[in-house]
Structures are given as structure tokens and as C-alpha cells.
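Start from the sequences and build out the full structure, keeping to the hints where you can.
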Amino acid sequence: MKILLQSMKTPLITFLVLLGIGLFIDIGVNAYIQLILIYILINMILAMSLNLVNGYTGQFSLGHAGFMATGAYTSAYLSTLIPVPAGGLQIFSFLLFAVCGGTMAALAGLVVGLPSLRLKGDYLAIVTLGFGEIIRVVLLNTSAVGGARGMYGISGPTDWTLGEWTVSKFVTGYSHAIFWVLVCFFTLWRLIRSSHGRAFLSVREDEVAAESMGVNTTQTKVRAFVLSSFFAGVAGSIFAHYANYLNPSSFSFMRSVDAVIMVVLGGMGSLTGSIVAAMFITIVPEALRPLQEILGVDIRMVIYSLSLVLLMILRPKGLFGTTEITDIIQWLKRKMSPGASR
Amino acid sequence: MNLLDVQSITMQFGGLKAVDQLSFQIGQGELIGLIGPNGAGKTTVFNMLTGVYQPTQGDVLFDGKSLIGLKPFQISALGMTRTFQNIRLFKELSVLDNVMVAGSRDISYGFFSSVLKTAKYLREEKELREKSLNLLSIFGLDKHATDEAGSLPYGQQRRLEIIRALATNPKLICLDEPAAGMNHNETHRLMETIAKIRQDFKLTVLLIEHDMKLVMGICERIVVLDHGCKIEEGPPVQIQSSAKVIEAYLGTDEDLQGGH
Amino acid sequence: MEDFFQHVINGVSLGSIYALIALGYTMVYGILQLINFAHSDVYMVGAFAAYYSAQFLGISEAPGISTLVILLASAMIGCSLLGLMIERFAYRPLRKAPKLNILITAIGVSLFLEYTAQVIFGADPKVFPTVLKDSVIVELGGVQIKSLDVAVLAITLLMMLALNFLIYRTKIGKAMRAVSTNVVVASLMGVNTDRIIAFTFIVGSSLAGVGSVLVGMKYPKIDPLMGMMIGLKAFVAAVLGGIGSIGGAVLGAMIMGLSEEMVVGYLSSTYRDALAFGILIVILIFRPSGLLGKNTVEKV
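Protein chains in written order, with our numbering: chain X, 1 to 342; chain B, 1001 to 1260; chain G, 2001 to 2300.
In case anyone wonders, no lab produced these hints; they're calculated from the structure. Mixed in with the good hints, there may be bad ones.
To be verified - Below are the PhoX-like pairs computed for lysine-lysine, each with C-alpha atoms no more than 25 angstroms apart in a straight line:
#1 Lys2099(G) <-> Lys317(X)
#2 Lys2096(G) <-> Lys1091(B)
#3 Lys1117(B) <-> Lys1131(B)
So, in C-alpha cells, the structure goes:
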């Protein structure tokens, strides 16, 4: 029990610190920026989870949007069956929806992963792309979730009171989102540093050798895929309830590409890299909006795609490669400390 | 009982029989050499034994159990392990992690244990880490534990492959040309190492090697392959004087003259 | 029954168009082992090249053989130049990079072309010039054979014959086959591989250019995103036939065209796009090397 508390210390402190920052954001900035912030958190989960498959396990999935959609729609549909209570209890129902959405996405990941993970490289990429598109087409044709019109009025966080305090819609949604960002981050971070995680890495490095050294590579790949899909589904659930609106077109091939780009930009095999990249990729298009007013045309996506090509040519390992920000901090510490100069 | 019993295995690639009706046995604790000219099918034999390829015909019994249909990781779990001719380390992982990957069967903690860092997780990780460092230190690689495996010099990479194989707790280790690319001194040290690990770990060893000096020096019995067929089997003295073996090698390979 | 034959005719016509585009995928894959995602956008640019040439020459409303030839030529030239540039500036610097990077680059180039086209050409669909008058040539018991379908088929056949001649009867074709068998050995034998790869892009891209004019002829609306779906389907056709195999690409394309037409005819058109991926997934899982592809064993 003591060890367990010890191990939860860092995640808990991080959560409280981020929550504190959230309270400032709640007062300090407008709803538009708050929305962008939630999107950043969602993208962080997407990028980190995809990094597990594409970065750490060395597979190439191009269907992340499909799993996000599965989670989003499951969660949204569930909220039509189970009404969200008012007050502080709403947090629990959103947590429940996220877990269910994630589980459904994980199941979808299992169904997709089992047959397709035998394939390698671009074949795997194209098959996952295909599955992602199929999920979207199915949603497009399911009238229970609105079909092509989309799904409106999905219940989301609302303001509620805690004693004399009013907890705003944003703070509720934000705390839910950072909760999952931290769950995702610490789960993956610790998993990678365990025997299970070393199995992922060994599959990336050399599948034949890994298999000969006792690693069940098929199972390892499927596990990575299922876990990654779970978090994609959670991200979808958060998205559904904060946006209050879903449409199959939000989960097109482009969203999968976005997720891949975040992983690659941050560095395949760097969780902190994914976090930074998620911020960057979400903020830059918003920051470039004024450019559209000056030029009269929207060239943001042109810049975006061109930078992707340049990134691949000039910095193929992404910004961070496989290093984490903490590695850099440690390296700096060592450099700064007086004994290091010998 | 024999530890390994290979019963007339055949491997056919399209129209080519890479290995044809090969049979041999290895007893507990033996050190056997598998030699033959280039392209004789030695590595194919290893691939069949360790489950990378499935033999087209025949059976392989290890410790009395048939290996046919098993995957490499299952065969590894039974206690047979290998190294690779063209070094296949996990290049971007640290030297220590390379060894720890192979020790995964010592681990019984689950997914949630590793995420929650339970006592079990901490204990088993610590034990595996110590065991792996210990293995590394036997081969003098412990000071490189945190280096990237791919950055090691060639000879050390070969040694790391052997250490990694040992971390799977094997009964039988198959070494695929461990001395390839080594100079005289390195080969000599390798011979000593092989003899030592065999003693210390009570191992049975199956060795593919081109370096005749190494093979003749340490093997108790040698199986000679040519064009996928066994042409001779016996102790080194017998092999050295066998007309069939000399014929197989002469003109095709200069190994008998002590090439490289 | 009449319906069925009508669907067959439409399916073959659609299949020939897929084939022209699929060939570009398969040839590039054969040589570089790269899924050239940008190929579908090269095709799109071909359609716009033809559109703007017709505008420039004032032949938008002048159907006839000469218009057809001019539009084909301009699309082919436009596509070849673009294909060449993509190869030179995006793929060549990455020749030795990990496959994943090249694949992402391909996606990046594809997005770049799509969005740039939206900026330059505008996102709204444009009406493709009338290339040929669509008239019924033969009518057999309710089954109509139209001039457009005949033209599509004839042009496709012509292109296939030309390609076949190029690959199997010319020196440069021999070099292309050598490079696709083994790049390193081919270069040791004195083949200038960079030039051959560039040439392959030219050939593949100009076939896509032909495809774009044929599509414009049949479905005269063009827009910057027109390549996405058809490109994916052509790619699926190439994989279905066995990627890297030229005959396979044609076979796969015909199967794709026919089955899609049947799904639309007898089931529902909403699932037509899912069909392509369904076929793709089934083929990759059960026979990853495709119908006419070769199985390879990984060397250990």
C-alpha cells in the first residue's frame, strides 16, 4: 500500500498542478481559447497513444481516426441512454462514458489488429487506413447516430456549484481531459520501462530476433494496438462531450494523418515529443488564421503539408527522435554540476 | 535420453531442397559442430530447429517434445535459443535492455503491476536487472550496459548476442558462426568463453562455424553437411581424415587450409 | 439480364480507367517499393491541365478527335512534368531513408498538391470540356454501347499496347525491368538508376494523365479532391492484382470496376467506397502478394 501511494505521488501532484493552472485559465481567457486548449489535450492523447504503435512498436497504423470515432460515437450514444446527472456527479458519468468508449474502441482495435498485424510497413498502413474508412462509412450509414447529418446536442459538462464555489463547464471538461492525458502518459511511460514495454521495443528493432528471444511478437503487436485504440477511443469520448456534436466527416483519413504527423514531428518513440507536437500542431493553424485575412486565401494547409515534406527530408527523426524532454533536463543537470567537467 | 533428436528433416524452397533428410542427435551436455561448405544448408537447419522455418518433412524432438508447428518464442520457452549469423541485436536499445528483453520469462507481473509500480514489479525488475548485469559482467560488457547496442564494436556485438541468448535460460544454445569476422586472438578468446559458459551454465551447444581451428579445437563430435545432406559424422580426428569431407571442401572452399 | 450487360459495359469502362491509374502505382512500387500517394493528385492535375489548355485554345465546346488528342497530350505533358518534379524534389533525397519516412513524405506531397490546387484552381468543381459527342453506337436488345465507352476502351487498349511495347521491346524497358528486379545490381551493371526511376515516374504519370481525360470525358466535373477516392481504388486494384505486376494491375482494375458497378447496380451506392477497402482487406489478409504477385520468404 505504501509503495502504491509512492508510485501515485508524481501523477497526483502533476494532476493538482495542472488543475490549478486550469483554474487560472478559467478566469483569464475566453471560451475560444479554452476550446483550443481542450483540443490540444485530446490531440495529446491521440498522439501519445499512436506513438505506442507507430513509434515504440514500429508498426504503422493509419487508421487512428476510426478508433477515435468508435469511442466518440459509443460515448455519445451512451449519453442518450444514461442521462448525465447535474452537479459534481456529472464527472463520474463522463468518466464512465470515456471508459466505455475506450473499451469499444479497444474491441475494434482487437478486431482490426488480429488479422492485419501480420502485415508489415506500407501494407499495414493501407489496411488500417481501409478499416478506418470502413468504420466511417458504417457510421455514415447508421441512422441511430444521425448518419451523414451527424449527431447533435450530445450532453456535455455544465456549470455546477461546490459549496459557495461555482465550478464552470470548462473546469469540469478540462479536469476530465487532463485526468485522461495523465492516465495515458503515465500508463505508457511506465509500460515502456517494464518487461511488456521492452517487448514492444524489441518488435520494433528486430521481429525475428525478438521472436527467437521468447517474445510472442504477434501478441505484443496486438496488445500495443488494442491499448492504443483504447486511448484513441477515450480521446474520442472527450471530444464528443466537449464539442456536443459529432459528424462522420470529422473522422476522415485526414485526422489519422494528423495523428501520424504529430507522432512523427515529436519523434517516434518520444512521449514528451508527442505532447509538444500535439500543442504545436493544434496551435499553429489557429495562430495562422490572421494570414488568411491578409492574403484572402487559406494557405495554412499548404504550409502545413509542405513543412511535413521538409521535415521528413531535413529532420527525419522528428524534433526529439527517441529522446524525452526529461533526458535533456538530466543531461543539462549533469553539464551544470561542478563535478562534470573532468 | 537425447536432448535433441533431429529425425530426417527436409526443407524445400520451391524446387530446391536446401536440407534433405537430415538426422542427428545431441546428448545432454555435448558440444557439437555443424560444418559444411558455403550454401550447404547449415543456417537453414538452425532456422528449422528454432522455428523460424517449418520443415517440409521430418520431426524435431527437444527434451522429448516435438517442435513441429511451434513458433520461435515457444521453442525459446522450452529452452532452445540461438544467435544469428548476421548479428541481429536490438540496435537502438541499450546493451542492458537487449539482455533484459530476453529475460522476459523471468517476469510474472502483469500490465497493471507495471503501470502501478507494485512491489512485485519493483522486485522482479530488480532481480532481472541484477541477473542481466551479472551476465554482462561475465563477458566484461557490464561497463557498456547503458550504451546503445548498435554502437558496440563488432566483436562485442557478437558477445552480446551470446549473452542475450543466455538470458533466456536455455538448455541448448545454437551458435551461428560466432567467430565470423574475428581475428585470431578474438577467436581464441571466444573458444575459451564458449567452454566456460558451457561449464557454468551446464549448457549443451550446437555450433555452426567456418573456422576449422575453432571447430576442431572444441567440438566433441562434428556433423558435416554438403548440399543439404549429411555426408559424415564423428569426432574431429575422423572428420579431418574423411575422404568425403575433403572432397566436399576441396576446390569449393579453402577452409581446410585454415582460411579465415 | 439487359441490366446486367449494361452494368458489365459500365464496369469495364470504369475498370479501364482504374487500370490506367493503377499502372502508375504498380510501376513506382515495383521500382521503389513506395506507395506513391501523390499519384492520385498527379491525376487530378492532369484533368486541370487539360481543362486550362482547352480554355486557352478555345476548344472547350468543340468535340472531336483533334480536341481529344490535344487534351490527352496536354494532360500527359502536365502529369509527366509534375511526376518528374515530385520524384526529383521529394523522393530522391529520401532514397536511403526508412520506408516510413518516404511514405509520410508521399502523404505530405499528396496533401500539398490537393491544398495548393484548392488555392490556385479554387475548391468549386469545374465543368470539363466536351471532348466527344456521346452517342449510342450500337443497341442490342436494350443494351446500349455508347461512343464514350468505346473511346475509353480503345484508348486504354492503345495505351496498354504501347506500354507493353515500351517495357518488353525497348532498351529502356529492359533497364526498367532490371531496376525493378534489383536496384543495386542494375546500377552495378551500368544502368543509370536515377534516370530510369525518373523515366518510370514520367510513364506512370502520363498514364494517369490519360486516365484523367477519360474520366473528365465520362463524368465532366473536376475538382482538386477528385483524385482521392479514385486514387485509393486504383491503388487497391494494383494491390489486388499483385503490386509490381503490370498484368496484375489491369486484372485488378477490371475486377474493381466490375464489382463496384455491380454493388451500385444491385445493392446500394452508399457502400461503394467501403467495397474497395473490403476487397483490399480480404486480399491482404488471405493473399498479401495479390492475384498475380510472387510470394517472398524473408531471409534470416
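Structure-based check of each hint:
1. Lys2099(G) <-> Lys317(X): holds, 12 angstroms
2. Lys2096(G) <-> Lys1091(B): holds, 18 angstroms
3. Lys1117(B) <-> Lys1131(B): Cα-Cα ~20 angstroms, so holds.
Hint compliance for this structure: every hint is met.
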